[in-house]
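Chains X and L, in that order, are what the protein sequence lines are. Its first residue numbered 0, the first sequence is counted upward by one per residue in numbering that gives the first Met the number 0. Its first residue numbered 0, the second sequence is counted upward by one per residue in numbering that gives the first Met the number 0.
There may be inaccurate statements among the hints.
To be verified - A few chain L residues that face chain X, going by a derived Cβ cut-off under 8 Å, partial list only:
1) 79
2) 82
3) 155
4) 178
5) 186
6) 190
7) 203
8) 504
9) 632
10) 716
11) 717
12) 735
13) 736
14) 743
15) 744
No wet-lab data here; the hints were simulated from the structure. A virtual CB, placed ideally from N, CA and C, is assigned to each residue, including glycine.
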Amino acid sequence: MDLTTQSTLLTWTVFTPALGLAAILALYCLRPILRLSQPAMDQAARGIGLLASIAAMGLSIALWADFDGGSSSLQFIHRFVWMKSWNIEYFVGVDGLSLSMVVLTAFVFLAGAIASLPWLGKLDDHHPHFTKKRVPGYWVLFLLLETGVLGTFAAEDFFLFYVFWEIMLLPMYFLIGIWGAPTRKDPDGRTRGGPYAAIKFFLYTLAGSVLMMLALIAIYYASGPATLADGTQAPHTFNLVHLTAQAHAGTFVGAKAILGIPFVHIVFVALFLGFAIKVPMFPFHTWLPDAHVDAPTPISVILAGILLKTGMYGMFRFNLQIFPTGLAWAAWAIGVIGVINIVYGAFVCMAQKDLKKLIAYSSVSHMGFCLLGLAAATPQAVTGSIFQMVGHGIVSPMLFLIAGVVYDRAHTREIEGFGGLAHKMPEYAAITGFAFMASLGLPGLAGFVGEILVFLGAFSAQGGIFRILVAIGALSTVITAGYYLWTMQRMFLGPFNHRWQHLWDMNWRERLALYPLAVATVVLGVWPTPVFDMVRETVNGLLAALPAGM
Amino acid sequence: MHEAAPVLQDFPLLFLVPLLPLIGAVWNGLAGSAIQRRFGRAAIHVPAVLLPAGSFAISLWAFLALAGQPHGTALYNHLWTWLPVGTLQADAAFLMDRLSGVMALTVAFVGTLIHVYSIGYMRDDPHYWRFFSYLNLFMFAMLTLVLGDNFLLMFVGWEGVGLCSYLLIAFWWRDREKAAAGMKAFVVNRIGDFGFILGVFLLFWGLMTTPASRPVAAAHGGKAAAAQHEEGGAGTCSATGGTSVTFRCVEQLLQDPVKRDRLVNHDIAGVGLITLVCLLLFVGATGKSAQIPLYVWLPDAMAGPTPVSALIHAATMVTAGVYMVARTHFLYTLSPVAMTVVATVGALTALFAATIGLFQYDIKKVLAYSTVSQLGFMFLAVGVGAYWVGIFHLMTHAFFKACLFLGSGSVILGCHHEQDMRKMGGLRKLMPITAVTYFLATAAIAGFPFFSGFFSKDEILWKAFDSGNILLPGGGMILWAIAAVAALGTSFYMFRSYYMTFSGEYRGAAGGAGGPALQAAGTDPAHGPHDAHGPHDAPGALDAPGALDAPGSNVGRGPLTPPPDAPGSLDAHGPHDAPGSLDALGSNVGRGPLTPPPDAPGGHGHAHVPHESPWSMTGVLAALGFLAVAGGYVGLPHLWHLPNAFEAWMEPVFAGTAERVTSAGFGHGVEWGLMGFSIVIAFGGFFAARWLYKDAANPVPARLLASGSRLVQGVHRVVFHKYYVDEAYDATFVKGSLGLSRALAFWDTRVVDGLVNLAGTIGCAFSFLQGAIDRVFVDGMVELVGRAVQDAGARIRRIQTGRIQAYVQGLALGALALVALAYLLAW
């Protein structure tokens, strides 16, 4: 396969947010010289941040426009040797899977950027709002996060991937810890709040990273020789394309067993667990509700919309692409856990009292579909799984934005405390109803396509267990309808609770963030073809390497 | 063998049939609020009525075009490929064959009429625009369900009508009970949908996988079949190996004996695959069409505005299950077990619901249970393989039941949102058009000879009796017996509702004792004029013991209704919406005069006299009343040696499976006898109801209820409370899943997350220990032990707040380095 540099467009896309970051930092350093007041600096940071997000969105669309969906090979390759001594390359490129995630990332970050602005709508001045707190710092971290995520999806060198993966972690920690909810005691007297959630998120994900790093080292030393971008020969490689080719040629089959377990299996499990924490997969999901509840709205949006997808992406890129035999070996277990995610998440949702926590658990449930699709490994199921990533990547940001709308006004998210809000906030009630319907998988909206394909694909997977799993998983559609409609009922319907007389309906900032997502939900639900066209050949390529009988 | 796949005729405008109402829904949904404010109601209902009317016009055009084509032709309109993944392909494509043509015409026609009716019925609702938007959206979903070319597109409509049903039942969402009824409808429907979609999965899987015993032959067969049809373009069954999801392609694939045998002979847990598929699909039908055990949502659905009850919960949406079974007849005829189950559930539901209908006092509840019961008849028909009869009854039922519901709506509006029949009476004089049309429709549902319901219901009874497909002891005869009892009950309770409502003297608030109450109502806004349960409500003969069992779930909810909404709120609930409004009509209550505007200034005095409804409502009633009588003449009995146009029209659709539907072979003599018996039943119910309820003159019902007999009281209580099924479901499924969800949430926070936090705590403790060891044993060499102890407090604090990450990172990296080292050494 030809892996020479084709274009720098992808690199530009990845680092455009970083350019914005640099601009903010430069302006901040020059602040005394330019005599910028603090409000002016804040506004400048916001403006730069928004512009950088818009630019990244534009560039990602340019990528999409030039992308050839008829090919399963990497495109927009940019490759050179980065650290010669360790045979590490800067190697980025996209296939259909990466590109779908890159476009989604740019889209969701743009929605997040809009939701991070204090513009175009009144804010409750009696309560400090995160959009007015340490503004330049917020935007620097926000843009660093975007570059980290885009790089994760674009990297085709394992080490580079790891670097971007860790870059994602750091800004998230601060964004939740500093701009999230202040520390408080929960009803049981336990300490909760932004700092707690941030540490928990950081440590938990770091534990996953450690596993990934172990696998990285093991794979590197087990890999065979390869040619670097500058033409020199190297004894080992981090290059994913080479690793994949070597893996399929059987390089790792002969690798030495670790602790008596075959190499492929142990590396597969280490990678899988590393990614599973991010997905998050039961039972490693408990960081998610805490992080979500205490993160500021745009960060929840990004967390649910994008960061969870990095875990699934990793599973596709590494577990499926490099170790298809490992996947065949572990498929039924992944499928079982996926269905546990789906059903368990749905049931736990129903018991939640906090709107944001409910939505967080619904993510656990919906990401289970992705796991099930991966495990089933049929074309429909894998396509469905990727589509579910996209669909959930659009719908869950809507849900978190919605939770933010009411929290900004009422400073509570206690579902039971509302009632009849549709009376006072009809537009808000309507968009909430829409988002709930999208999330519960109403046909014609984006959530349905992923679910139905995963189910259909998994149903015809090898192994009778998958049919049982689908039957159990499909039961969640009832539970999901139950908890969403019940929430709708308690928050918006029934007699109006006059305590909320002072609330007001949606403003333009919220509309600008929400409605593009809503439109995308409808378009992809009715006409999902663009996503299918993007990923079809990639999926075929991924599945071609699966062992027969899988 | 009959050629199953229809010849497709391109009809490029077919997509407009569902699209036009969708345009109306989106338009009024997005802009309706502003339009209504600025331009008034007409600007809302003109497009909202014209678009479905256009839909009907195009359906009619297509229907006539179809009629001009030879048998076995279907109109087809391919739009785009919706889900093209792997070997599966589901298109956004519409198909009108003779079956979906009849359905589309019925839906579009009745739907348009009900839109017209709603102009009058909803005119005082501030959310007029929202109502029409939802109603249009429903038309879109229903027409998609009917015209969808494949299982998945049908499922779009299938869930879509469920959504609209939710939105419309909860239309007056300020009332918590109504909103809850909407929620219940959606969730119960979703249980059905779960079954439906599983059935679809199982079917595709069964068709896709090749039989294990004959892999080679089947693979060749599949390829050959695929090659055969590949050149035909989008409309043909081009998918390889049977993964096309269209109805016609599945039917065609089942012509292949290999595929068919696989479906029939493949057992899963002792049940044939095809039987399992059919039963799962039927679970979907029981949800959508309110059959045992999922019927419970339909009676509650009466919380919606009456036009909704007429359109969705009587004429169209609830018949979707019947349509689906008829649509997939090629599956059901392969499984005698599934057919028996369908027919039996249908017959039992017919009887069960009819018994509940006997004791209801809420006019809409009577009609709701009668709908459940009539749907049971339809399932009985399709279950015995008499598909055209099921659809025939579906059509006649759409006419007479819509007429009944709209009549009840007219009555309810005329009586100012009173739904309790004990507070009606004598309305024939006050509302003559409503009374006449209601009577005609009642005669139709009861099965009076020469009315539409007679033809369809009698045919169902005969087909059930004569069926050779039923696996029960006694064959179809036992189902016939059940259905005949249900028919007797139907005739009785429907005429009971007619006499209680229209005969005798008006027993509502305007009656003799109403005088003083009127004044009170006029002066005291807290007891609005609609508060019909006032003290003047003399405990009449009908009322006394029954009051124990309050008339329907609506009553007694008074205290739950909120204090009046703040004045100036958008909906202007106004001060009339007092806590005492027992019938809790949501936003309609107390919204001022429901009589036409000229009467309005007259105030409450006028409001108490029931009045005939405006022309937009009575006109629709007249049209439906006419069809309730005449609609049956398209399907005259063979026995009379008259042409049966309906059966002839439907024949090609079901011809492919006709040979598998067998008859028990009873002769004409038996059929004549049964027909006579049907007539006796119809009149028996009629005379009994007339004797007991006409003019409220007969004291027997009251005396019976008042009797101290335990048995009578007990039976009455159980049946009146609908056999406590709702309560049982609530105690088991609802409470059960809530309990499970709470238990799992507890487990999640305490155990799963508890372990995570425990790990954190252990990490902290370990770091502390490490720090202490460091301090004590390393520093201790230089420092005094006592001093280290003195420092401990400050140290702990520092460790706990700031240095956890550092320690854990250190730990993790150390572990990593160790493992890596060990590994490298081993290498």
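Verification of the supplied hints:
Annotation: residue 79 of chain L was flagged as interfacial toward chain X, and the flag holds, the nearest CB pair being 7 Å apart, inside 8 Å. The interface hint given for residue 82 of chain L is met, as the beta carbon of that residue sits about 7 Å from the closest beta carbon of chain X, less than 8 Å. At its closest, the beta carbon of residue 155 of chain L sits 4 Å from a beta carbon of chain X; the interface hint therefore holds under the 8 Å criterion. Hint on residue 178 of chain L holds. Least Cβ distance to chain X is approximately 4 Å, under the 8 Å limit.
About 5 Å separates the beta-carbon of residue 186 of chain L from the nearest beta-carbon of chain X, less than 8 Å, and the hint is met. Interface restraint check for residue 190 of chain L: the shortest CB-CB distance to chain X comes to about 5 Å, inside 8 Å, so the restraint holds. Against a cut-off of 8 Å between C-beta atoms, the interface hint on residue 203 of chain L holds, since the closest Cβ of chain X lies about 7 Å away. The beta carbon of residue 504 of chain L is not positioned within 8 Å of any beta carbon in chain X (closest approach about 37 Å), and the interface hint is therefore violated.
Given the 8 Å rule on beta carbons, the hint for residue 632 of chain L is violated: about 38 Å separates it from the nearest Cβ of chain X. Because the smallest distance between the Cβ of residue 716 of chain L and any Cβ of chain X comes to about 30 Å, over 8 Å, the interface hint for this residue is violated. Against a cut-off of 8 Å between C-beta atoms, the interface hint on residue 717 of chain L is violated, since the closest Cβ of chain X lies about 29 Å away. This hint is violated: residue 735 of chain L has a C-beta 11 Å from the nearest C-beta of chain X, more than the 8 Å allowed.
Hint on residue 736 of chain L holds. Least Cβ distance to chain X is approximately 7 Å, under the 8 Å limit. Given the 8 Å rule on beta carbons, the hint for residue 743 of chain L holds: about 5 Å separates it from the nearest Cβ of chain X. A hinted interface residue such as residue 744 of chain L counts as satisfied when its beta carbon comes closer than 8 Å to some beta carbon of chain X; here the least separation is about 4 Å, so the hint holds.
Comparing the model with each numbered hint stated earlier shows that hints 8, 9, 10, 11, 12 do not hold.
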